[in-house]
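Undergrad: Both chains come to you apart, so use the hints to assemble them.
From first to last, the protein sequence lines are chains U and W.
Counting from 1, one number per residue, gives the positions in the first sequence under full-length UniProt numbering.
Counting from 1, one number per residue, gives the positions in the second sequence under full-length UniProt numbering.
Hints are not guaranteed to be accurate.
[Stated by the list, open to error] Lysine to any residue pairs mimicking SDA-like chemistry, simulated, CA-CA at most 25 Å apart:
no., chain 1, residue 1, chain 2, residue 2
1, U, K179, W, K66
2, U, K44, W, T70
3, U, K181, W, K68
[Claimed, not checked] Which residues of chain W face chain U? A partial, calculated answer using Cβ under 7 Å:
no., residue
4, K12
5, K66
6, C69
7, L78
8, R83
9, I86
Since the hints were made in silico from the structure, they are not lab data.
Treat the numbers as computed from the prediction; the structure is a model and nothing was measured.
Even glycine gets a Cβ: it sits at the ideal position worked out from N, Cα and C.
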Amino acid sequence: MSEVQRKKYSDQEKNNIFDNEFMPHIDSMYNFGYRLTFDEDDAKDLVQDTYLKAYRFINSFEQGTNAKAWLFRILKNSFINDYRKKSKQPAKVDYQDVETYYNSDDVDYGITTDLRVDAVKDMLGDEISNALNSLAVDFRTVIILCDLEGFTYEEMAKILDIPIGTVRSRLHRARNLLKEKLRSYAQNMGYKTDEDEDE
Amino acid sequence: MDNKSAASGERKLTCQDVSKCFQLLESILDGENLPNSKEVMDEKLAKCAPCFEHYHLEQAIREVLKTKCTKQSTPAELIANIREKIQEIK
Chain U
1 MSEVQRKKYS DQEKNNIFDN EFMPHIDSMY NFGYRLTFDE DDAKDLVQDT YLKAYRFINS
61 FEQGTNAKAW LFRILKNSFI NDYRKKSKQP AKVDYQDVET YYNSDDVDYG ITTDLRVDAV
121 KDMLGDEISN ALNSLAVDFR TVIILCDLEG FTYEEMAKIL DIPIGTVRSR LHRARNLLKE
181 KLRSYAQNMG YKTDEDEDE
Chain W
1 MDNKSAASGE RKLTCQDVSK CFQLLESILD GENLPNSKEV MDEKLAKCAP CFEHYHLEQA
61 IREVLKTKCT KQSTPAELIA NIREKIQEIK
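Only chain W is shown next, with the shape it has when bound in the complex (with noise of 0.2 Å):
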């Protein structure tokens, strides 16, 4: 355990139904509205070490995804063909 879990010292060290906690963390993450899910997460990561490693974990990963992935710029002449096309099939 790390010293984040560590330092939490209440946190329980197994997940008794990991499949169906996982899953709703990574679908709270992933935006999904789901009833309650604000205080079921709130729970699980004051509660549960694995729960609170595994939300912070896959938070990163959609973080670094969603920032630093390198961006292709669009060609410049992408646009004037597909118009030009357009006019052709019009």
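Chain U extracted, bound-state conformation (with noise of 0.2 Å):
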């Protein structure tokens, strides 16, 4: 995923990477935009600057290799540094933000949810969904790639530029959330949790 350039394609490899290699991924990279932005034009104007962005830099692409994740990267990249920018409501936290205060790798794994498994199963689609897009976007960000998109640990801290201990904390610390969110969820819908069973 290095920016360097590697190739010279021809115009006729050019857009056979194009088409063979980064649209078959357009509905991946729509579906990565809206959850970063929730709106429908921000997200189309992200992942077409994405892909304009891609063709511009095709010659660093080496042909063959993880284009998703490439352009995940860019798509990332312009959202941190294009639409954050211009946006007039930043997100919570920024990333600059998590950097500095989430950062450490230092995890306690030993802090439980009392959320059943069955509560979990039963939930909806929008409940679901309503719990992820109601985390700060980076750790929003780590569930999306992890687990609706199915990058490794290795290709998701190419992606967000962090190192692997950092993407596992924090992937650690965002299923933490989610999962008090869907606690809340499944209280709400008269799920049993522990905590009312030992009352």
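TA: So this is what it looks like as structure tokens:
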């Protein structure tokens, strides 16, 4: 995913790469853009901008390597550098704050949530989506990349420009926050939690 | 403890190394290839109630995220717009 120019593709090669390696990821890219911005027009702009940059810098992409991760990295950088600067409503927590406050790899894995497996399985799609969407953008991003898009820790580290240890700890924190959201939904739905049972 | 762990009878009710175990189980669920991961995981799930509970909750969370999260349809005009813009910069 280095941006060092490696190749000098012909126009036909460029078109082949664009059509066969970049365009098949358009749905994932649009959904990523939408989950970052929650706005159809902003997501379209972000994806369009990403594909234009991808074409412009196509010589730094090595054919046959991980196009999806390469494109996701461009979109994430566009979101931070372009969209966030233009946006009148910056997200509650931005990436820079996260680097400062949440990037410790020292995570307490002992914190557990009294959320039950059957309650999670009975959740509606909208409840799962709302819980995910309510997370700060950095936590939302790692869950999208890992659970929705299936990227490995190594790929996520490259997309986000952070060490693998930070990917792991941020994911753990993100899922804990998600579990807390789901636990309140579960309680509202009338599911018993271990907490209720202990009373 | 719920029925699953109580029914197992033989699982420890406390985990001696929660941090290490949970981190390992989460990495396995995330598809990381760790040496002897299958054996280590099977042993933990068979012998430790907190590990068993944690594994199945984490697995359920991943499953609902993967299968139930609402997906947006890509607007039809987006692809055409991208191709048009590419023609302009060629």
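Undergrad: Under 7 Å, Cβ to Cβ, is where I86 (chain W) needs to be relative to chain U, so tell me if that hint holds or is violated.
TA: 5 Å, holds
Undergrad: Between K44 (chain U) and T70 (chain W), does the CA-CA distance stay at or below 25 Å?
TA: 18 Å, holds
Undergrad: Verify the interface restraint on C69 (chain W): the C-beta must sit less than 7 Å from at least one C-beta of chain U.
TA: It holds, given that the least Cβ distance between C69 (chain W) and chain U is near 5 Å, below 7 Å.
Undergrad: Would the stated hint for L78 (chain W) survive a check requiring a Cβ distance to chain U of less than 7 Å?
TA: 5 Å, holds
Undergrad: Going by Cβ atoms only, is R83 (chain W) closer than 7 Å to chain U?
TA: Nearest chain U Cβ about 9 Å off; hint violated.
Undergrad: Just to be careful: measuring from the Cβ of K66 (chain W) to every Cβ in chain U, is the smallest value less than 7 Å?
TA: Nearest chain U Cβ about 6 Å off; hint holds.
Undergrad: Does K179 (chain U) pair with K66 (chain W) here, judged by a C-alpha cut-off of 25 Å?
TA: 15 Å, holds
Undergrad: Given a cut of 7 Å on the nearest C-beta pair, is the interface hint for K12 (chain W) held or broken against chain U?
TA: 15 Å, violated
Undergrad: Quickly compare the C-alpha distance for K181 (chain U) and K68 (chain W) to 25 Å and report which way the hint goes.
TA: 16 Å, holds
The structure fails hints 4, 8 (numbered hints given earlier, in ascending order).
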